[in-house]
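S.K.: One letter stands for each residue in the lines below.
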Amino acid sequence: MSAAEILELSARAAAAAIGAGSLSATELFDVYRERAAADKAAGDDGLNCFTWVSEPGSANGAGAPLGGVPLAVKDLFCTEGVPSQSGSRILEGYLPPYTATVVARLREAGAPLLAKTNQDEFAMGSSNENSAFGPVRNPWDRERVPGGSSGGSAAAVAGGLAPWALGTDTGGSIRQPAALCGIVGLKPTYGAVSRYGMIAFASSLDQAGPLTRDVTDAALMLRHMVGHDACDATSLAFPEEIELPRAERLEGIRLGVPQELTGEGIEAGVLAAFADALERAQELGAEVRELHLPHAPHALSAYYVLAPAEASSNLARYDGVRYGLRAEDPRDLLDMYTRTRHDGFGAEVKRRIMLGTYALSSGYYEAYYGRAQRVRTKIAEDFSAAFETVDFIVTPTAPSVAFRLGEKTADPLAMYLNDYCTVPMSLAGIPAISIPCGRSEGLPVGLQLAGPAFSENRLFEAAHALELGIGFEAGAARV
Amino acid sequence: MSRPTRSYAPGPDLQRLSGALRITGTVIGRDEVLHVARLARLALSDEEVELMARELSAVLDHVAKIGELDLSDVPPTSHVVDVTGALRADEPVPCLPREVALSQAPVATGEGFLVPSPQA
Chain P
2 MSAAEILELS ARAAAAAIGA GSLSATELFD VYRERAAADK AAGDDGLNCF TWVSEPGSAN
62 GAGAPLGGVP LAVKDLFCTE GVPSQSGSRI LEGYLPPYTA TVVARLREAG APLLAKTNQD
122 EFAMGSSNEN SAFGPVRNPW DRERVPGGSS GGSAAAVAGG LAPWALGTDT GGSIRQPAAL
182 CGIVGLKPTY GAVSRYGMIA FASSLDQAGP LTRDVTDAAL MLRHMVGHDA CDATSLAFPE
242 EIELPRAERL EGIRLGVPQE LTGEGIEAGV LAAFADALER AQELGAEVRE LHLPHAPHAL
302 SAYYVLAPAE ASSNLARYDG VRYGLRAEDP RDLLDMYTRT RHDGFGAEVK RRIMLGTYAL
362 SSGYYEAYYG RAQRVRTKIA EDFSAAFETV DFIVTPTAPS VAFRLGEKTA DPLAMYLNDY
422 CTVPMSLAGI PAISIPCGRS EGLPVGLQLA GPAFSENRLF EAAHALELGI GFEAGAARV
Chain H
-13 MSRPTRSYAP GPDLQRLSGA LRITGTVIGR DEVLHVARLA RLALSDEEVE LMARELSAVL
47 DHVAKIGELD LSDVPPTSHV VDVTGALRAD EPVPCLPREV ALSQAPVATG EGFLVPSPQA
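Protein chains in written order, with the working numbering: chain P, 2 to 480; chain H, -13 to 106.
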C-alpha cells in the first residue's frame, strides 16, 4: 500500500487492513511517525502539533483488537518515561513514573503511542495559544487557531499527522477544537473513563475522549477506554458494550434545539450550516423541535467560577518540591513557592488560579462557589426535563469558525465565550459529540449532539446517520 | 451587577484590607490582588498586578450574573452522576519505590525532598 493510500484510511479501516494482511502495523506506524517527526522538526513552519514524537521502531499492537493503529496523546496524560508537562513550563523535564490508565488500556488494546500533542497550558484555553510549546496552527488555514485546549490532537488528526488522538474536555476542550478542525470529538459521560494519570485541571469536569476522522472511529476508541478503575473512585463501570454504529436513518429520533444556545452570539455562517444540517436530519426522518434550557445562559458564569476554583486547588501541587521547575536560589520556603509559580505558570493559568483563589477565599465562598454549584443543579435539571420530550439536544458546537491567531488573546472574556454551547453539557456531566456539518467562509462548522448520561451508543448511532447524510469532505486539510 | 452579598463575615485577612472592602461594583483593587496572590502562593510583577486587577474585575463582573437567580431552595451539586459504594477494601498494595518517587525532584537527598528552610 502506498503512503497516500494509507493516509486515506480511517483508523478502523487501517485496523481492518492490518487484520486482513494487506497492511502491516509497522508500515502504518512508520508512515505516521515520519509525518509527525517532520511536523515536529518544522517547528513554526509546520502545524506545531507535537511536543514529543516516538522513536522509529516503536510499532506494536498487531494481533490486538486495534491492530497497531498508532495513537497521538494529549501532553497532559502521564506516560511513563515520556515527557508529560501539560503544556506548562512548570513541569519542564518531568518524566512520569507511571502511565495514565486510559493510555495503558488503549496500548493493551493495540494502539501504541505515536506522539504527545500540544495543548493549552493545563488545558486552560480555547485556541491553543496558551502553550509553553507555542501555538498550534489550523490545517485548514495556517493563520488560524485549531481551537483548544486539545488543539494539537485536533490539528494532528485533521492534518493527517495521526490516525486518531486522545484529548480531554473540561468545558469543551475536545468538542470545540474538533469543530474548528472539521473532525469528530466526543466528551463521554462524566465517570465513564478513568482520570487516573491525567494531569488535573477541574476534577469534577475533566473527562478524556477521542478525536477522530469519523464517528465509527470514535466509537471504536471509546470501546477500549471505558470502565471502572480502582485508581479513580469517580470512574464507573459502563453499563453496556460500546457498539460500532450502523444507523443510516433517523426515523423516530426527536432532536431538541434549545433556543438559548442557537440565537444571539452565534455567527450567521455557523447558524446557516447548523440549519442546513437540521434540514438534512429531517430528510433522514428525524423530528426537530424547539425547546428551552432556561438556565443554559448562566452556565458559562457558573463554569468560570467552578473550573478556576477547582484548578486553584489542583495546581497548588506545583510548588518546586517534588517535580518540574524550581526557582533559582530561593531565600526561604515561601520565596521558593511564590517565585517558582511566578516563573512556571503562563498568564492564563495565573489568571485562573487568582480567580479561583478569590472565589474560594473567606467571605466569598458562598457567593461564588456555593451559588455556582446550585446553578449547576438547575442546569442538570433543565437537561433531565428536556430528555423527557426529546432524544438528543442539538446545537452548533462553537459560536464561530476558527479565528485568527492573536485575535482574542487580549480579551479573556471573548475567549471564554467559545465555550458557550459546550459548557452546559460539561456541568451536567452528560455525553456530547461534535461532528462536522458543513463550512462557513471555507472553514469547518461543528454540530453538537448531547444525550443523557451513558447514552453514548445511541449518540453514536444518531451521529453516524447524520454524518452519512451530511457527507462532509475532510480530506482537503491533510497536509 | 453589584458585588455579591456576603453570607458571612469576611475573614481577618480581608478585614485588614480596608482598601478591598471599599470597592464598589465588581472592581478588584491592587491590595486585593496582592492579598489573593499571597493566598495562592504566587509572586506577581507590578505589571501583572495591574493587569490582573483589570481582568479579574471584568471576569467577576460577568460571573456575578448568577447572583440574579433565585437559588434559595436549590441544593448544590456535589457530584454529577449518582455513585454509591465507591469505597474499596482497605488492602495494602505496593506504592512507588522511594528512589522512583524522588527521581523527579529538583533537589533531593537519598531519603527525601530537600527544601530551603521556612525561616531564612
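Just so you know, the hints here were simulated from the structure itself, not pulled from any lab data. Note that the coordinates shown come from a computational prediction; the quantities given were computed from them, not determined experimentally. Just so you know, even glycine gets a beta-carbon here, dropped at the ideal spot from N, CA and C. Honestly, I wouldn't trust all of these hints.
Stated by the list, open to error - Example chain P residues on the side facing chain H (calculated, C-beta under 10 angstroms, incomplete): (1) A4; (2) A18; (3) G20; (4) R90; (5) Y99; (6) G192; (7) L356; (8) I380; (9) R405; (10) L406; (11) K409; (12) D412; (13) G443.
S.K.: Next, verify each hint and record whether it holds.
M.R.: We went through each hint and held it up to the structure:
no.	hint	verdict
1	A4	violated (38 angstroms)
2	A18	violated (38 angstroms)
3	G20	violated (35 angstroms)
4	R90	violated (13 angstroms)
5	Y99	holds (7 angstroms)
6	G192	holds (5 angstroms)
7	L356	holds (6 angstroms)
8	I380	holds (9 angstroms)
9	R405	violated (21 angstroms)
10	L406	violated (20 angstroms)
11	K409	violated (13 angstroms)
12	D412	holds (9 angstroms)
13	G443	violated (32 angstroms)
Checked against the numbered hints listed earlier, the structure breaks hints 1, 2, 3, 4, 9, 10, 11 and 13; every other hint is satisfied.
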